[in-house]
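Heads up: the sequence lines are chains R, C and G, in that order. Okay, so the first sequence: first residue is 177 according to my numbering, each after it adds one. Okay, so the second sequence: first residue is 138 according to my numbering, each after it adds one. Okay, so the third sequence: first residue is 198 according to my numbering, each after it adds one.
One or more of the hints may lead you astray.
Claimed, not checked - Pairs of lysine-lysine, DSS-like flavour, derived with a Cα cap of 30 Å:
# : chain 1 : residue 1 : chain 2 : residue 2
1 : G       : K222      : G       : K479
2 : C       : K345      : C       : K205
3 : C       : K304      : C       : K325
4 : R       : K364      : G       : K479
5 : C       : K345      : C       : K146
6 : R       : K364      : G       : K222
Source of the hints: derived by calculation from the structure; they are not laboratory data. Note that the structure is a prediction, hence the values are computed from the model and not measured.
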Amino acid sequence: MGGFFHRHRGVTPYLLLAPGILWLGIFFLVPMGFLGYQSLQSGIFPDFRFTWEFSNFSTALTDYHQQLIRSFVYAGIATVACLLLAYPLAYWIAFRAGPWRNLFLLFIVAPFFVTYLVRTLAWLNILADQGPVVRVLRDVHILAPDGRLLATTFAVISGITYNFFPFMALPVYVSLEQIDPRLLEAAKDLYASSFQAFLRVTLPLSAPGIVAGTLITFIPAAGDFINAALLGTPNQQMIGNVIQAKFLESLDYPGAASLSFILMGTILVMLLVYARIVGTEKLTG
Amino acid sequence: MDGIGWNEKLTDPVTSVKQLFEDPKLKGKVGVWNSMGDTLGLVMLENGDDPSHVTDSSFNRAIARVQKAKNSGQIRSFYGNDYATHLSTGDLAATMAWSGDIANLADPKLHWAVPEQGGIIWTDNMIIPLGGSVPTASTYMNFMYDPKISAQWAVGANYISSVTGVKPGAEKLDPKAAENTLTFPTAKTLSQMHQNDPAMLNNSDYNKKWLAVQGQ
Amino acid sequence: MTTVAEAVAPRAQAGVATRVWRFVKRHALTVYALLAVGYLMLPIAVVILFSFNHPTGRFNYVWNTFTFDNWIHWNSILGIQSAVETSLEVATLATLVATALGTLIALALVRHHFVGRGATNLLVFLPLSTPEIVLGASLLTLFLNTTSVIQLGFWTIFIAHVMFIVSFVVITVKARLIGFDRHLEEAAMDLGANEVTTFRTITLPLLAPAMLAAALLGFALSIDDFVITYLNAGPTQTFPIFVWGIARVAVPPQVNVVASAIFLVAIAIGLGNVFWQYRSAKRTRGVA
Numbered sequence: 177m178g179g180f181f182h183r184h185r186g187v188t189p190y191l192l193l194a195p196g197i198l199w200l201g202i203f204f205l206v207p208m209g210f211l212g213y214q215s216l217q218s219g220i221f222p223d224f225r226f227t228w229e230f231s232n233f234s235t236a237l238t239d240y241h242q243q244l245i246r247s248f249v250y251a252g253i254a255t256v257a258c259l260l261l262a263y264p265l266a267y268w269i270a271f272r273a274g275p276w277r278n279l280f281l282l283f284i285v286a287p288f289f290v291t292y293l294v295r296t297l298a299w300l301n302i303l304a305d306q307g308p309v310v311r312v313l314r315d316v317h318i319l320a321p322d323g324r325l326l327a328t329t330f331a332v333i334s335g336i337t338y339n340f341f342p343f344m345a346l347p348v349y350v351s352l353e354q355i356d357p358r359l360l361e362a363a364k365d366l367y368a369s370s371f372q373a374f375l376r377v378t379l380p381l382s383a384p385g386i387v388a389g390t391l392i393t394f395i396p397a398a399g400d401f402i403n404a405a406l407l408g409t410p411n412q413q414m415i416g417n418v419i420q421a422k423f424l425e426s427l428d429y430p431g432a433a434s435l436s437f438i439l440m441g442t443i444l445v446m447l448l449v450y451a452r453i454v455g456t457e458k459l460t461g
Numbered sequence: 138m139d140g141i142g143w144n145e146k147l148t149d150p151v152t153s154v155k156q157l158f159e160d161p162k163l164k165g166k167v168g169v170w171n172s173m174g175d176t177l178g179l180v181m182l183e184n185g186d187d188p189s190h191v192t193d194s195s196f197n198r199a200i201a202r203v204q205k206a207k208n209s210g211q212i213r214s215f216y217g218n219d220y221a222t223h224l225s226t227g228d229l230a231a232t233m234a235w236s237g238d239i240a241n242l243a244d245p246k247l248h249w250a251v252p253e254q255g256g257i258i259w260t261d262n263m264i265i266p267l268g269g270s271v272p273t274a275s276t277y278m279n280f281m282y283d284p285k286i287s288a289q290w291a292v293g294a295n296y297i298s299s300v301t302g303v304k305p306g307a308e309k310l311d312p313k314a315a316e317n318t319l320t321f322p323t324a325k326t327l328s329q330m331h332q333n334d335p336a337m338l339n340n341s342d343y344n345k346k347w348l349a350v351q352g353q
Numbered sequence: 198m199t200t201v202a203e204a205v206a207p208r209a210q211a212g213v214a215t216r217v218w219r220f221v222k223r224h225a226l227t228v229y230a231l232l233a234v235g236y237l238m239l240p241i242a243v244v245i246l247f248s249f250n251h252p253t254g255r256f257n258y259v260w261n262t263f264t265f266d267n268w269i270h271w272n273s274i275l276g277i278q279s280a281v282e283t284s285l286e287v288a289t290l291a292t293l294v295a296t297a298l299g300t301l302i303a304l305a306l307v308r309h310h311f312v313g314r315g316a317t318n319l320l321v322f323l324p325l326s327t328p329e330i331v332l333g334a335s336l337l338t339l340f341l342n343t344t345s346v347i348q349l350g351f352w353t354i355f356i357a358h359v360m361f362i363v364s365f366v367v368i369t370v371k372a373r374l375i376g377f378d379r380h381l382e383e384a385a386m387d388l389g390a391n392e393v394t395t396f397r398t399i400t401l402p403l404l405a406p407a408m409l410a411a412a413l414l415g416f417a418l419s420i421d422d423f424v425i426t427y428l429n430a431g432p433t434q435t436f437p438i439f440v441w442g443i444a445r446v447a448v449p450p451q452v453n454v455v456a457s458a459i460f461l462v463a464i465a466i467g468l469g470n471v472f473w474q475y476r477s478a479k480r481t482r483g484v485a
């Protein structure tokens, strides 16, 4: 059987890809095609007509660029926060945890086993205006006497950071885990301090993980709506909230569809720029 | 029923939308709904307008008032059912609230009252979709609207029943729930209730303006 | 020229300072790791705490009194048990399939240069960048147009979950494959193993930790998903859908009980794994 792959080397990638791409093709691309069709419709629910309505896109940009920019800012801050918080934890799990490593990986994803609503209710309890955390912060004057943690930008970004933490931690762990510790020993033998060894050996070798982590954190975070819905006010609404409202409240399907494509398009452009900056090998190998 | 809920530990009774929007002691601790009919309905009543016959000018007056309260920071945010969470934990001192939620919270420090200028009453409805089985659905509806069955329903969900003659059955099931004026309102309370204008709810222009107030 | 005494004293002082510094350095990371896990677990601690609450009304928002009742009668809320079972079944199945499909795609993308490689990379990123409501609504449109083939229910949920988990698996496994040391595989093949044997005995075991991490992520995504699932579930209920549905009229403590139980079972499995790792480490040490 190995001989088959040897002789038909060119066909191997397509065989590997086939099942997954077929799945995405049918259950993602086809619906997206219909979404594209919808984005060029006009009219009011339920009478939509296909009219090559490209103005949907320009209207969407003019009306909602504020939420769009805000989404990227929030997602960006949350991604950086996730990276700073998750990297040391992933490092510890990869190098120091030993037999405890899988348990701690479980700890990272455990919050997801408790549904989003339940764990956010817990946070609402912890960070409530009348709760212990806010009271302490007011006493030490970090917060104003009528200050609050919830219903603020801080709350929304913190919510995104908390809920996307595993998306950063796991890929970073994956690339740290494969680093041969002997490389670090060799660096130390060559008189590097542990910090230098980290900077010149570990960090570059974990770059693919960092890139992967930033991608699967930032991209879905930009389209997130639930954190802004439960933890924010109208001043924190993200593009996901707008799209959600268009789909479910105003039933403006063409508007929602065009806004979705604008979001996807902007993310893709950012992706290309990012790939250029970090070098495509870290992105694609 | 749409009205005002408040936490007695955090504020004196709040009895009008005017107080909700203008009392400086409540700043940043006031909630309103994200649902247009409910919030604007109460505001229109406060403005002296009729929520069951909405005109462009009455709509604009109402939405301007909400916008002002939001811009000044008086309104903390626009909520769905989750205003109940924040009222319970004390994030909100007073909020537009549904009578059934306050009944279900059963928290002695939380109260509900009809606003001075009147409240809004609405109904959940059962509909038979096109292609649905009319005989089956009708049998079900008949069953649910039987006063004895409706009594279970009212006591279980703590929402007002639309069926007359439910109270005796409820008293047998749960006398305490039957006494609850939130679930079995007095005639006086019901007389202060108004209804929304369906034309307003279906107006896409109004909807867009309402979403814009919420940052959407 | 320094006297002997002067030379000795500063060195002894430096010894204490450096020793303290070295101690801090060695353990600072562990302390941080524990603090980080503490931060992650904080809301879960509150969830577990409130599972013992006996609330005044129908909502479990504020602490009232302690009770074991909720744990004894955990499935007294109609529908909660079947919702949890559905969630776990879908998550397990979807994770297995998505991990397999995603790993295959990652292997193809990293190790082969083929026509359509760029497009495939792009295709993998697209579901990530699509808001959940859009993914869910457009997939629903597809299912509504194919009701002759498939009805909304367990299998539509399964299909939807695999669809959005695959991208996460691909990107996570790719992080491992980029920089994968091919020399081990080449050595195996030099020793006479063919592609399949090499894959089975060298590549797969080395890839296993990454696949496990990806699977964990996928499982978490599936069990927690609400929007896409809600739109494509039809009459079936998963646990998040159940919680959302009931949260309008009540948040019974049993919801906390079930959530805590799932968490505690997972941690128990994790602890079992720790124990097993210790045992196998002892065994290999014994052999060596």
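For each hint, the structure was consulted:
{"no.": "1", "hint": "K222/G to K479/G", "verdict": "holds, 28 Å"}
{"no.": "2", "hint": "K345/C to K205/C", "verdict": "holds, 18 Å"}
{"no.": "3", "hint": "K304/C to K325/C", "verdict": "holds, 17 Å"}
{"no.": "4", "hint": "K364/R to K479/G", "verdict": "holds, 29 Å"}
{"no.": "5", "hint": "K345/C to K146/C", "verdict": "violated, 37 Å"}
{"no.": "6", "hint": "K364/R to K222/G", "verdict": "holds, 16 Å"}
In summary, the structure is inconsistent with hint 5 from the numbered list given earlier, while agreeing with all the others.
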